[in-house]
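Each protein sequence line maps, in turn, to chains S and Z.
For the first sequence, the UniProt record's numbering begins at 1 and goes up steadily by one.
For the second sequence, the UniProt record's numbering begins at 1 and goes up steadily by one.
Check the hints yourself; a few may be wrong.
No copy labels: a pair is met if it fits in one copy or bridges any two.
In silico SDA-like cross-links for lysine to any residue, where the CA-CA straight-line distance does not exceed 20 angstroms [to be verified]: (1) Lys74 / Arg216; (2) Lys58 / His262; (3) Lys74 / Ala150; (4) Lys58 / Phe260; (5) Lys238 / Glu202; (6) Lys74 / Glu152; (7) Lys74 / Ser124; (8) Lys74 / Arg158; (9) Lys238 / Gly155; (10) Lys58 / Phe259; (11) Lys74 / Glu64.
Please keep in mind that the hints were generated in silico from the structure rather than gathered at the bench.
There are 2 protein chains.
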Amino acid sequence: MIADKNNRDARNLRQEIREGSFRGPTAGLCPGMTQANVVIVPASYAFHFLLYCQRNPKPCPVLEVLEEGCYEPKFLAQGADIRTDCPRYRIFRPDGVEERYDIVDLWQPDWVTFLLGCSFTFESALLEHGIPVRHVELQRNVPMFITNRATEPAGPFRGPLVVTMRPIPASLVSLAARVTAAYPRVHGAPIHVGHPELLGIEDLQRPDFGDPVPIRTGEVPVFWACGVTPQEALLSAKLPVAVTHAPGHMFVSDRQDRFFAHL
Amino acid sequence: MIADKNNRDARNLRQEIREGSFRGPTAGLCPGMTQANVVIVPASYAFHFLLYCQRNPKPCPVLEVLEEGCYEPKFLAQGADIRTDCPRYRIFRPDGVEERYDIVDLWQPDWVTFLLGCSFTFESALLEHGIPVRHVELQRNVPMFITNRATEPAGPFRGPLVVTMRPIPASLVSLAARVTAAYPRVHGAPIHVGHPELLGIEDLQRPDFGDPVPIRTGEVPVFWACGVTPQEALLSAKLPVAVTHAPGHMFVSDRQDRFFAHL
Numbered sequence: 001m002i003a004d005k006n007n008r009d010a011r012n013l014r015q016e017i018r019e020g021s022f023r024g025p026t027a028g029l030c031p032g033m034t035q036a037n038v039v040i041v042p043a044s045y046a047f048h049f050l051l052y053c054q055r056n057p058k059p060c061p062v063l064e065v066l067e068e069g070c071y072e073p074k075f076l077a078q079g080a081d082i083r084t085d086c087p088r089y090r091i092f093r094p095d096g097v098e099e100r101y102d103i104v105d106l107w108q109p110d111w112v113t114f115l116l117g118c119s120f121t122f123e124s125a126l127l128e129h130g131i132p133v134r135h136v137e138l139q140r141n142v143p144m145f146i147t148n149r150a151t152e153p154a155g156p157f158r159g160p161l162v163v164t165m166r167p168i169p170a171s172l173v174s175l176a177a178r179v180t181a182a183y184p185r186v187h188g189a190p191i192h193v194g195h196p197e198l199l200g201i202e203d204l205q206r207p208d209f210g211d212p213v214p215i216r217t218g219e220v221p222v223f224w225a226c227g228v229t230p231q232e233a234l235l236s237a238k239l240p241v242a243v244t245h246a247p248g249h250m251f252v253s254d255r256q257d258r259f260f261a262h263l
Numbered sequence: 001m002i003a004d005k006n007n008r009d010a011r012n013l014r015q016e017i018r019e020g021s022f023r024g025p026t027a028g029l030c031p032g033m034t035q036a037n038v039v040i041v042p043a044s045y046a047f048h049f050l051l052y053c054q055r056n057p058k059p060c061p062v063l064e065v066l067e068e069g070c071y072e073p074k075f076l077a078q079g080a081d082i083r084t085d086c087p088r089y090r091i092f093r094p095d096g097v098e099e100r101y102d103i104v105d106l107w108q109p110d111w112v113t114f115l116l117g118c119s120f121t122f123e124s125a126l127l128e129h130g131i132p133v134r135h136v137e138l139q140r141n142v143p144m145f146i147t148n149r150a151t152e153p154a155g156p157f158r159g160p161l162v163v164t165m166r167p168i169p170a171s172l173v174s175l176a177a178r179v180t181a182a183y184p185r186v187h188g189a190p191i192h193v194g195h196p197e198l199l200g201i202e203d204l205q206r207p208d209f210g211d212p213v214p215i216r217t218g219e220v221p222v223f224w225a226c227g228v229t230p231q232e233a234l235l236s237a238k239l240p241v242a243v244t245h246a247p248g249h250m251f252v253s254d255r256q257d258r259f260f261a262h263l
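Based on the sequences and whatever the hints tell you, model everything.
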């Protein structure tokens with residue numbers, strides 16, 4: 001374990017979330033701490049979901065998998081509770097998606113929890129290198145878009161790639177690519193730079209999830225793989241039940257982001 | 001797919017192996033082509049084996065997982081046959097380990113095949129950078145050692161880390177670390193440099209698998225995580241049946257090693 005001086009902030013935030021006093025998106029919170037996407041599936045689907053992640057490592061970089069029925073992360077945040085510590089959850093059932101603030105009453109002993117890397121993690125590195133992050137500046141959720149690119153299927157899991165978009169000044173796009181490439185376990189380098197229409201994105205001001213952000217003169221829209229991708233795969237898989245965090249409402253861990261830098 | 005000018009050599013080698021005219025270790029063969037460790041387990045153990053790999057990415061970097069019952073790789077080598085194309089196999093049963101030249105008669109429809117990266121893959125990169133690879137020079141199998149380090153368990157899979165050892169001139173150790181770090185999916189950077197006793201290795205001239213190689217004056221023993229690690233985990237898991245390649249007798253694929261460089 002590394003000593004994390006920001007631990008207390010992440011713990012405090014999780015405490016606020018658990019008590020219901022914070023329910024917003026987590027972009028920009030606890031700078032330097034690793035944030036994670038949450039996906040929970042019944043054990044009988046765990047192999048194919050893990051295989052889906054292995055086949056799609058850019059959108060689905062696995063940080064930790066909890067033992068069947070276990071809701072306390074061992075590696076990312078001891079003492080946390082995966083059933084209460086995200087600000088908002090989505091429950092996927094064959095007939096639709098429901099949102100909740102916790103999943104304590106729903107929890108089943110055969111559920112397997114996956115924690116996947118989130119690009120919020122590398123935003124402190126971008127800021128440290130002088131690269132602006134518009135949605136953090138404006139205190140909004142990041143804009144997310146469903147693309148026309150298919151992921152590699154595994155068992156019942158298949159669907160389009162989802163991306164986040166950050167407008168980056170043209171002179172800093174190359175640096176942004178290199179800075180984020182150093183964090184492969186939190187989505188790594190961009191998958192696309194400019195020309196949103198080639199990803200099937202019609203209007204950057206109408207994201208599928210999160211909030212729109214302005215793109216200023218001299219900026220280029222840059223796209224990173226997003227951990228909401230498996231939520232699209234859950235929609236098509238139609239499992240009896242599955243749970244995720246709500247887009248942008250992440251699990252904030254006790255691990256520093258630099259722990260996940262490629263060395 | 002990238003165009004692989006060395007494809008034909010790998011295909012020819014697999015053909016010779018399939019016909020029984022080549023049965024030796026594959027170190028140094030088909031330079032530049034990715035070699036892979038093979039692990040086959042019944043589907044009911046596939047989740048925990050994949051989780052074991054996810055938790056131990058240095059010794060167990062997953063390159064491809066075949067669909068249940070499928071023995072033709074889709075990504076690493078179309079047209080190959082996983083039941084015949086390794087020079088030698090090991091069959092793990094609760095009462096012991098048996099070696100065979102093919103597994104055609106044993107094959108079961110519920111078997112799931114995992115192909116894991118192998119450090120033979122980065123040896124061409126070492127040679128290109130002027131770093132000698134002793135066992136290739138001497139046309140021997142690489143020396144492999146069972147260490148005193150435990151891997152992270154998953155389900156029934158647990159056991160010690162296995163390493164390969166290459167003697168490297170002191171002036172080139174740093175370069176060797178950096179060159180191999182560029183290939184995280186074939187074991188990446190060394191896990192230990194010098195002082196074999198700290199890994200619990202008593203005699204470098206008595207490897208647990210493969211052949212001993214001389215360490216010359218001014219050279220340092222450098223240790224990389226090895227894809228034989230899961231074979232130790234299979235020994236302790238005592239599945240009804242499981243299959244691997246024999247140490248050093250790898251599956252040689254049609255993918256160029258540079259495809260797996262970190263970019």
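Each hint tested on the structure:
1. When the C-alpha separation of Lys74 and Arg216 is checked against a cutoff of 20 angstroms, the pair qualifies neither within a copy, at 43 angstroms, nor between copies, at 44 angstroms.
2. In this homomeric assembly, Lys58 and His262 come within 20 angstroms of each other (Cα to Cα) both inside a single copy, at 14 angstroms, and across copies, at 13 angstroms.
3. In this assembly of identical chains, the alpha carbons of Lys74 and Ala150 lie at most 20 angstroms apart only when taken from different copies (17 angstroms versus 33 angstroms within one copy).
4. When the C-alpha separation of Lys58 and Phe260 is checked against a cutoff of 20 angstroms, the pair qualifies both within a copy, at 14 angstroms, and between copies, at 14 angstroms.
5. Taking the closest pair of Cα atoms, Lys238 and Glu202 never come within 20 angstroms of each other, the shortest separation being 28 angstroms inside a single copy and 54 angstroms across copies.
6. Only between protomers do Lys74 and Glu152 lie at most 20 angstroms apart by alpha-carbon distance; the minimum there is 12 angstroms, versus 29 angstroms within a single protomer.
7. For a Cα distance limit of 20 angstroms, the shortest separation of Lys74 from Ser124 qualifies neither inside one copy, at 24 angstroms, nor across copies, at 39 angstroms.
8. In this assembly of identical chains, Lys74 and Arg158 lie within 20 angstroms of each other by CA distance solely across copies; the values are 17 angstroms between and 29 angstroms within a copy.
9. In the homo-oligomer, the alpha carbons of Lys238 and Gly155 lie at most 20 angstroms apart inside one protomer (12 angstroms), although the nearest pairing across protomers, at 27 angstroms, exceeds that limit.
10. For the homomeric pair Lys58 and Phe259, the shortest alpha-carbon distances inside one copy (18 angstroms) and between copies (16 angstroms) are both at most 20 angstroms.
11. Taking the shortest alpha-carbon separations for Lys74 and Glu64, only the intra-copy value of 8 angstroms comes in at or below 20 angstroms, while the best inter-copy value is 27 angstroms.
Hints 1, 5 and 7 from the earlier list are contradicted by this structure; the remaining hints agree with it.
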